[in-house]
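Residue numbers (the numbering used here), protein chains in the order written: chain A, 1 to 161; chain B, 1 to 391.
Calculated directly from the structure, the hints in this document are not laboratory data.
Fair warning: there could be bad hints in the mix.
Unchecked claim - Simulated restraints on C-beta separations:
1. A:Cys146 <-> B:Glu71: 36 to 44 Å
2. B:Trp62 <-> A:Pro16: 52 to 60 Å
3. B:Glu71 <-> A:Glu36: 32 to 40 Å
4. A:Ser158 <-> B:Lys10: 53 to 61 Å
5. B:Tyr3 <-> A:Arg157: 30 to 38 Å
We put the beta carbon where it would ideally sit given N, CA and C, even for glycine.
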Amino acid sequence: MNKLLKLLNDNADFTPAQLAVMLGVTEQEIRRQIDEYKAKGIIRGTKTLIDWDKLPDSGVRAIIELKVTPKPETGFDDIAKIVMSYDNVENVYLAASNSYDLIAMVRGSTIQEIAEFVSKRLSTLDSVIGTATNFVLTTYKQGGICFVDDEEETEQRSMVL
Amino acid sequence: MDYSSLLNQKIQNLRPSGIRRFFDIANEMDHVISLSIGEPDFTTPWHVRQEGIESLRRGKTWYSPNRGFAELRSQISNYFARRFDVEYDPNEEILVTVGGSEAIDLCIRAIVDSGDEVLIPQPSFVCYEPMTVMAGGTPVILRTRSENEFRLTAQELEAAITPKTKLLILPFPNNPTGAVMRREHLEEIARVIEKHNILVLSDEIYGELTYGQERHVSFASIKGMRERTIVVNGFSKSYAMTGWRLGYALGPMEIISQMTKLHQYAIMSAPTTAQYAAIEALKHGDADIERMREEYDTRRRLIVDGFCRMGLTCFEPEGAFYVFPSIKISGLTSEEFCEKLIYAQHVAIVPGTAFGECGEGFARVSYSYSLNHIKQALERIEIFLNEGNKV
Numbered sequence: 001m002n003k004l005l006k007l008l009n010d011n012a013d014f015t016p017a018q019l020a021v022m023l024g025v026t027e028q029e030i031r032r033q034i035d036e037y038k039a040k041g042i043i044r045g046t047k048t049l050i051d052w053d054k055l056p057d058s059g060v061r062a063i064i065e066l067k068v069t070p071k072p073e074t075g076f077d078d079i080a081k082i083v084m085s086y087d088n089v090e091n092v093y094l095a096a097s098n099s100y101d102l103i104a105m106v107r108g109s110t111i112q113e114i115a116e117f118v119s120k121r122l123s124t125l126d127s128v129i130g131t132a133t134n135f136v137l138t139t140y141k142q143g144g145i146c147f148v149d150d151e152e153e154t155e156q157r158s159m160v161l
Numbered sequence: 001m002d003y004s005s006l007l008n009q010k011i012q013n014l015r016p017s018g019i020r021r022f023f024d025i026a027n028e029m030d031h032v033i034s035l036s037i038g039e040p041d042f043t044t045p046w047h048v049r050q051e052g053i054e055s056l057r058r059g060k061t062w063y064s065p066n067r068g069f070a071e072l073r074s075q076i077s078n079y080f081a082r083r084f085d086v087e088y089d090p091n092e093e094i095l096v097t098v099g100g101s102e103a104i105d106l107c108i109r110a111i112v113d114s115g116d117e118v119l120i121p122q123p124s125f126v127c128y129e130p131m132t133v134m135a136g137g138t139p140v141i142l143r144t145r146s147e148n149e150f151r152l153t154a155q156e157l158e159a160a161i162t163p164k165t166k167l168l169i170l171p172f173p174n175n176p177t178g179a180v181m182r183r184e185h186l187e188e189i190a191r192v193i194e195k196h197n198i199l200v201l202s203d204e205i206y207g208e209l210t211y212g213q214e215r216h217v218s219f220a221s222i223k224g225m226r227e228r229t230i231v232v233n234g235f236s237k238s239y240a241m242t243g244w245r246l247g248y249a250l251g252p253m254e255i256i257s258q259m260t261k262l263h264q265y266a267i268m269s270a271p272t273t274a275q276y277a278a279i280e281a282l283k284h285g286d287a288d289i290e291r292m293r294e295e296y297d298t299r300r301r302l303i304v305d306g307f308c309r310m311g312l313t314c315f316e317p318e319g320a321f322y323v324f325p326s327i328k329i330s331g332l333t334s335e336e337f338c339e340k341l342i343y344a345q346h347v348a349i350v351p352g353t354a355f356g357e358c359g360e361g362f363a364r365v366s367y368s369y370s371l372n373h374i375k376q377a378l379e380r381i382e383i384f385l386n387e388g389n390k391v
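The following block holds chain B by itself, in its conformation from the complex:
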């Protein structure tokens, strides 16, 4: 049977994610040390798991309201005001979703019409481009550069805006580069945005994972931007709750209500058990965030130093749990480097090109692994650089 004539052409044309390939190679090998996974290695804090268990014990196994339980939305509202200084009305401006990914998808679909341009900084998480295409929009890639510490600059943004531009994606703290936009950088972006009639999807899923003196600044907290911004966040990274599949979108009522319609028809409501656990996380989880953040920070310091000593220079990432070293010194492409590294030394990392063509010359290395694991991986990479890549 000729399925290709029956299947949706746009979907058939989507490329599968480039992160997977190296993971598949690694799966077939023994004694692989992977630094490729993009989720916390911590388990969900026990008191949070307990609340999930308790809700099951009490038989709370029904759908939740479409937007999520009122108490959860109220706690999200408190949390965002407390941590990022932006107020959202729990009844009209918050939508609980199946992970941050659903919120991104809903947001793009609710905003983008056929032919609209969506500005996507890259290197970045792999979903923005295909979701834009599926919504009928045209992705316009904004290349961020290592010399700008992979931040989006106002000039680059201004140059890319056309009458067709509808939406800017702001993926910071950034996966895969670890770049953050500080307040002054966001203010420069805001000055460009306010001159144009465009919206911003600020993907702040790594917002709790920033290092150094300055905390993450939400784009919605920048003057004049709240009314133009949909903030996407969730529980996966900050509370190590990836498997619970719970995220949320915050934004003006007019946008959230449109997203809620899509969510209602496609998903109905986010997982009930996860929502009970998430209420506990927001109420009593600040110390957990801090504990994990400190541990990531220790690992980050070790790995950045390790790469720099080997000559794989990386700018110091200030957010998320990734480093993005330059592998240009090897004379190999990103794909070649990662492939040779995995075959020669059984260390799995992800080529920068998996996050956009402009990731060429770089590789994403996750430090969501124990210090011992990271230490061993660094030793193997050093051996590879000294001898292995001549193979």
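Here chain A stands alone, though its shape is the one from the complex:
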């Protein structure tokens, strides 16, 4: 795996100077590589991982499974683009599965709001032939980061000598 991308994937806070020293190349080289990854669409953006559940009134999230009839020319792309266009849809994936085709991660302020969004906006789409809504109760891990304070995150080593 590309070492620079792995470091950035683990922590976007590293400065180009720190990345340079860790990888044994110049700072300019790091900046050049990052620019190139951005230009090629390999680096798509930089965000902060927030555990929204820690905040009051953080709303609810759901994983929506969509069974879709693909279109002759464009397959699943057209319908995926429509699903993507809603602001409350955070992620959209095409799945290889027997039971559904698209998966959408949706955020809403209440369960009712999401249920309504699914029934009024998604189920009614032309080629959608079925939906299943899964509400998220607890986020254990996201983006490679543990979201629960369990023992694996706390120091288990002892000071012996």
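We have chain A; now place chain B onto it with these hints.
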């Protein structure tokens, strides 16, 4: 009851290890970022753990032979020949021990008679001096210096040898300084050793953790030194197997057989489950070593650069997983610096003096922690230097 009149005087006089104190302070605080622990943060590779589990499942819960299982000794022999180019007879020249520490203890006790002098380079791991004292020997401290990148020099060694000198400890790659002895440095030491009738205990427990182009060179591979050297190594650092407690000693049959007697009476045999796991580690663990070594190297680069930018100069450590920055710029002693740092910024590091008085002016910082952890600790230390230590 007056226990002090009943307890062994030598043991009562031993000082407790200085590493502990700061760990104890850290334990009582919240949100401490520690860079003080001297063991891998990785867990033992899964395939190695599986072999341990499998041996338990099959009910392999008996003692092993005193010297360790024949297959393990054979694998150690292969490994050492493959990685460090020295051949040892699995039947006579290898002893499997409870960690490298037991091997060090056995070696010192098997060699040192009352009044013998043992040359101990410092700063170094804390056990050599007390073990020498317990064996009735006299520790003679050889101070290594930052201007020599904390290597032992031939001149310093030559100057310290007396008719009473029996044993030289060679603790490289070094805890706490991260210093390594390259082949040319070892050859200079060997030229001094061969002129005298002394033995060498080469503690190579960090032998797999060296960085840069050159790999670790075993002192036993230097011409003429195999017959005078006991190599101590183990699984703790290279395979992240500290808790399994497994190490070994390699050396001439005449010395290993004496050490085996001590081991037999005091320990009997090393842990059985750990030995099955270790066989797997030696057979299929080279890639694990490399993966962890690369990760340590990335951390090492980050932390050395971080300290140098702050003005806490450290020479570039080439082995183990420690940096040993100079804290003299702060105007504080090592103890004061570490104590103020932990109270002001909740960062725990170990004063250099825990590894010998000559560690004054330095601190040991472990990079056996994740990059994020190291990054945060560096930020706090920088704040401390900018404002905290005026408190």
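Now for the hints, and whether the structure bears them out:
{"no.": "1", "hint": "A:Cys146 <-> B:Glu71: 36 to 44 Å", "result": "holds, 39 Å"}
{"no.": "2", "hint": "B:Trp62 <-> A:Pro16: 52 to 60 Å", "result": "holds, 57 Å"}
{"no.": "3", "hint": "B:Glu71 <-> A:Glu36: 32 to 40 Å", "result": "violated, 51 Å"}
{"no.": "4", "hint": "A:Ser158 <-> B:Lys10: 53 to 61 Å", "result": "violated, 27 Å"}
{"no.": "5", "hint": "B:Tyr3 <-> A:Arg157: 30 to 38 Å", "result": "holds, 32 Å"}
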